[in-house]
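Generate the whole structure from the sequences, applying the supplied hints.
Here is how the chains run, residue by residue.
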Amino acid sequence: MLEAKNLSKTYTSDGVAFEALKEVDLKIAPGDCLAIVGKSGSGKSTLMHLLACLDAPSSGQVLINGEDTSLLPEKKKNALRNEKFGFVFQQFFLNGRDTVFENVVMPMRIRGAGGAQISAGATHAIAAVGLEDKRYKKAKDLSGGEKQRVCIARALVGNPQVIFADEPTGNLDSATGAAVENMLFDLNRQKGITLVIVTHDGDLAARCSRIVEMKDGRIISGGEQS
Amino acid sequence: MKLWDMLRTANRNLFRNKLRTFLTVIAIFVGSFTLTLTNGLGDGLRTYVENQVKNIDGANVVFVEKKIEAPAEEEPVEGPAEYKEQKAEDGSTALDPNSFTITVPQMEAALKDAGDVKSITPNYDIHGEYISLDGEKKYAAGLGMLSEGMTLKTEAGKTIGGAEQIVIPLGLARMLDSNIESLVGKTATIAYKDADKVLKTLRLQIVGVATKGFMTNNNSFVDSQTAHLIYSDQQRGREEAGKFFRFTVQMASADEKAVEELKQKLNEKGFEGTTMADRRKRTYDAIGIFKIGMSLVALIALLAASFGIINTLVIAVLERTKEIGLQKALGMSRGRVFLIFSFESILIGFWGALLGVLGGMAVGTIASQYLMRAYAASFEGYTLFVFTMPSIAIVMTLVCLIAFFAGVLPAFRASRLNPIEALRYE
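Top line first, the protein sequences correspond to chains Z and X.
If you want our numbering, it's the position in the first sequence, counting the first as 1, plus 113.
If you want our numbering, it's the position in the second sequence, counting the first as 1, plus 683.
Quick caveat, the hints were computed from the structure, so don't treat them as lab data.
Backbone N, C-alpha and C fix where the C-beta goes; we use that ideal spot for every residue, glycine too.
There may be inaccurate statements among the hints.
Far from chain Z, by Cβ distances over 12 Å, these chain X residues were calculated [what the hints assert, rightly or not]:
| hint | residue |
| --- | --- |
| 1 | Val867 |
| 2 | Ala987 |
| 3 | Ser1051 |
Per the computed footprint, the stretches of chain X lying under chain Z, defined by three or more beta-carbons under 8 Å from a beta-carbon of chain Z, are [claimed, not checked]:
| hint | stretch |
| --- | --- |
| 4 | 1004-1010 |
| 5 | 1014-1027 |
Straight-line alpha carbon distances no greater than 25 Å define the calculated SDA-like cross-link-like pairs of lysine to any residue that follow [what the hints assert, rightly or not]:
| hint | chain 1 | residue 1 | chain 2 | residue 2 |
| --- | --- | --- | --- | --- |
| 6 | X | Lys1005 | Z | Ala226 |
| 7 | X | Lys685 | Z | Lys328 |
| 8 | X | Lys1005 | Z | Ser256 |
| 9 | Z | Lys190 | X | Gly1018 |
| 10 | X | Lys1005 | Z | Thr212 |
| 11 | Z | Lys118 | X | Asn1101 |
| 12 | Z | Lys190 | X | Leu686 |
| 13 | Z | Lys189 | X | Ile1103 |
| 14 | Z | Lys188 | X | Asn1101 |
| 15 | Z | Lys190 | X | Tyr1108 |
| 16 | X | Lys685 | Z | Pro186 |
| 17 | Z | Lys253 | X | Ala693 |
| 18 | Z | Lys328 | X | Arg1107 |
| 19 | X | Lys685 | Z | Asn272 |
| 20 | Z | Lys251 | X | Leu912 |
| 21 | X | Lys880 | X | Tyr813 |
| 22 | Z | Lys190 | X | Ile1103 |
| 23 | X | Lys685 | Z | Ala229 |
| 24 | Z | Lys188 | X | Arg1003 |
| 25 | X | Lys1005 | Z | Tyr249 |
| 26 | X | Lys1005 | Z | Asp211 |
| 27 | X | Lys869 | X | Leu912 |
| 28 | Z | Lys253 | X | Arg699 |
| 29 | X | Lys701 | Z | Asp254 |
| 30 | Z | Lys250 | X | Ala693 |
See the structure below:
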């Protein structure tokens, strides 16, 4: 469903070109649970950004269900991210003054969904992360683990096909981190949501069904299968 | 994102930093407040003048004066212009190039072939001495003539409609009798001095009491025949007798085309014709310019305030960089980000304008009342500040528009944020 073909990305700053990604090929099947691992600077985040259409490649293609995303206009890409992808980041990016509910439904609001739809989606997503009793709490009053669960609910609310998680447990202690991990893996197993986790946490990666290891902008293992 | 959601988001964003928003709104408030007051002042003046001017009206009249020729430009003249001797003898209808006056034969000649003319009244300059009802108690009286075709607005009775009639001002009428209605139909004695300084009297019928206005505050008005009589008596033997600065030409109908044709014809013959509407337009244009001039001061205040909006929003963009990055990552389009920030700036403008307009109206209304109490006698019928819906709507729209333009730069910056960099932003 997600495919990278000969993908390269070069950043230029102050006239110095830096090749973050070098001719990467990768296929991700629906329902995959995939970890992209590597040291910082290995290009794993860049790869995720390109796969998630957050950034445009310097060369090569990203195919989603066989469609070349580089040909899509900005609007379609926005809609694609909104409808097909969910995002969980290391930092929570929650709006502390808003309620759990408002934070969770942000993708629905961006989509322009109606009130009833938003309410139903929120109820479902908040229940999936077990925060029913915190629905109208301000996000700033939550613990770190709860915050990340709000983020998962936010990623989940739009019924995505793929959830991209960038160091989802990086800011959490191991106990709450494990709970968040379980939640993500459950979504993968029970709902068949494709999971793409970027991490340098070996334990987390080991729990994924597939590990793609990166070094210096290239995939050094795990890229060939699918 | 739905429009309503965006508006709600924008409003909520504003109230995140209440103090900063409040201070920015205050700046806009000051500008809108000033603009409301200057507009109110201009409209007050306009309404007053409108009411005053409307007291004397004439739908089918054209005022005729001699055209003031601009000096020929190719010959810059130093010193006085060359004296051109009047070629014709008395009785000629040629215009005297050395004077701005017009004689009756000249006027009649100019209008000879113009159809539709009902009457021609020279502007008789007359001076009264006193007016008395019973011959015992005398009041000083200014005298004026009401030309044929002109009408006066009256508080009692009606305007002049025949010979030997007079309309008296309201102030005088109240002194003569507290029941001004009872004066109508009575006969008054008017006194004036003739050319030999001999006091003469006339008996005229009071037909009406004039409504207050610029021209009707002190003067009594007589019909043109009476005015002619007094004029002839007062100017007898004088050189300037029979020469007038202005004529009032009454048309048979109020047909605009005929009026325009007459003006055109007069223009060709060296005269200038103006109608009541022309005169009014001149006055209103002057008030309009005055209003704009005053509004410029308020606009400068608004300009300064708009930099406050820019500043506020630039900081807001910096503060919310990550949030904007997330929203864009989650599929929010550039246009929507731009719109949300634009709404924020417009809302600042809107709240400031609303408070400014309400504050301005409150202060203006109180000031009007206070001033009226203090100077009621000299400004009867004058409201210092007049607030009209259109001018309030214009202020609101203008301020919101200025606010919008102030928000363009920060909103554009927000819309251009790269989501990845924004999410990485520390």
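Tested hints:
With a closest Cβ-Cβ approach of about 72 Å to chain Z, X:Val867 is found to remain outside the 12 Å limit, as its non-interface label requires. Chain Z leaves X:Ala987 outside its interface by the beta-carbon criterion, the shortest separation being 31 Å against a cut-off of 12 Å. Under the 12 Å C-beta cut-off, the non-interface status given to X:Ser1051 relative to chain Z holds; the minimum distance is some 45 Å. Check on the stretch 1004-1010 of chain X: 5 of its residues sit with their Cβ under 8 Å from a Cβ of chain Z, so the three-residue criterion for coverage holds.
Only residues whose beta carbon comes within less than 8 Å of a beta carbon in chain Z count, and the stretch 1014-1027 of chain X has 5; three or more means the coverage holds. At roughly 23 Å between alpha-carbon atoms, X:Lys1005 and Z:Ala226 fall within 25 Å of each other, so this suggested pair holds. Using a Cα cut-off of 25 Å, the hinted pair X:Lys685 and Z:Lys328 is violated, with the two alpha carbons roughly 44 Å apart. Note on X:Lys1005 and Z:Ser256: the hinted pairing holds, with a Cα-Cα distance of about 20 Å set against a maximum of 25 Å.
A threshold of 25 Å between alpha carbons decides the hint, and for Z:Lys190 with X:Gly1018 the separation of about 14 Å falls inside it, so the pair holds. Annotation: proposed proximity of X:Lys1005 to Z:Thr212 holds, straight-line Cα distance about 18 Å (limit 25 Å). Among the hinted pairs, Z:Lys118 with X:Asn1101 is consistent with the structure: their alpha-carbon atoms are about 24 Å apart, no more than 25 Å. Distance restraint check for Z:Lys190 and X:Leu686: the Cα-Cα separation of roughly 21 Å lies within the 25 Å cut-off, and the hinted pair is therefore satisfied.
Straight-line distance between C-alpha atoms of Z:Lys189 and X:Ile1103 comes to about 18 Å, which keeps the hinted pair within the 25 Å bound. Taking the CA atoms of Z:Lys188 and X:Asn1101, the gap is near 15 Å; set against the 25 Å cutoff, the hint holds. Distance check on the hinted pair: Z:Lys190 and X:Tyr1108 sit about 23 Å apart at the alpha-carbon level, within 25 Å; holds. Taking the CA atoms of X:Lys685 and Z:Pro186, the gap is about 21 Å. The hint holds against a cut of 25 Å.
Note on Z:Lys253 and X:Ala693: the hinted pairing holds, with a Cα-Cα distance of about 20 Å set against a maximum of 25 Å. Under the criterion of a C-alpha separation no larger than 25 Å, the hint pairing Z:Lys328 with X:Arg1107 is consistent with the structure, at around 21 Å. Between the alpha carbons of X:Lys685 and Z:Asn272 the distance comes to roughly 20 Å, so the proposed pair stays at or under 25 Å and holds. Distance restraint check for Z:Lys251 and X:Leu912: the Cα-Cα separation of roughly 93 Å exceeds the 25 Å cut-off, and the hinted pair is therefore not satisfied.
Note on X:Lys880 and X:Tyr813: the hinted pairing holds, with a Cα-Cα distance of about 14 Å set against a maximum of 25 Å. Only pairs whose Cα atoms come within 25 Å are accepted, and Z:Lys190 paired with X:Ile1103 is accepted, the gap being roughly 15 Å. Distance hint between X:Lys685 and Z:Ala229 is fulfilled; the C-alpha atoms sit about 14 Å from each other, no more than 25 Å. About 22 Å separates the Cα atoms of Z:Lys188 and X:Arg1003, which keeps this hinted pair within 25 Å; it holds.
A distance of roughly 23 Å separates the Cα atoms of X:Lys1005 and Z:Tyr249; the hinted pair therefore holds under the 25 Å criterion. Among the hinted pairs, X:Lys1005 with Z:Asp211 is consistent with the structure: their alpha-carbon atoms are about 15 Å apart, no more than 25 Å. About 21 Å separates the Cα atoms of X:Lys869 and X:Leu912, which keeps this hinted pair within 25 Å; it holds. Of the pairs offered as hints, the one joining Z:Lys253 and X:Arg699 holds, with about 14 Å between alpha carbons and a cut-off of 25 Å not exceeded.
Note on X:Lys701 and Z:Asp254: the hinted pairing holds, with a Cα-Cα distance of about 21 Å set against a maximum of 25 Å. At most 25 Å may separate the alpha-carbon atoms for a hinted pair to count; Z:Lys250 and X:Ala693 meet this at roughly 21 Å.
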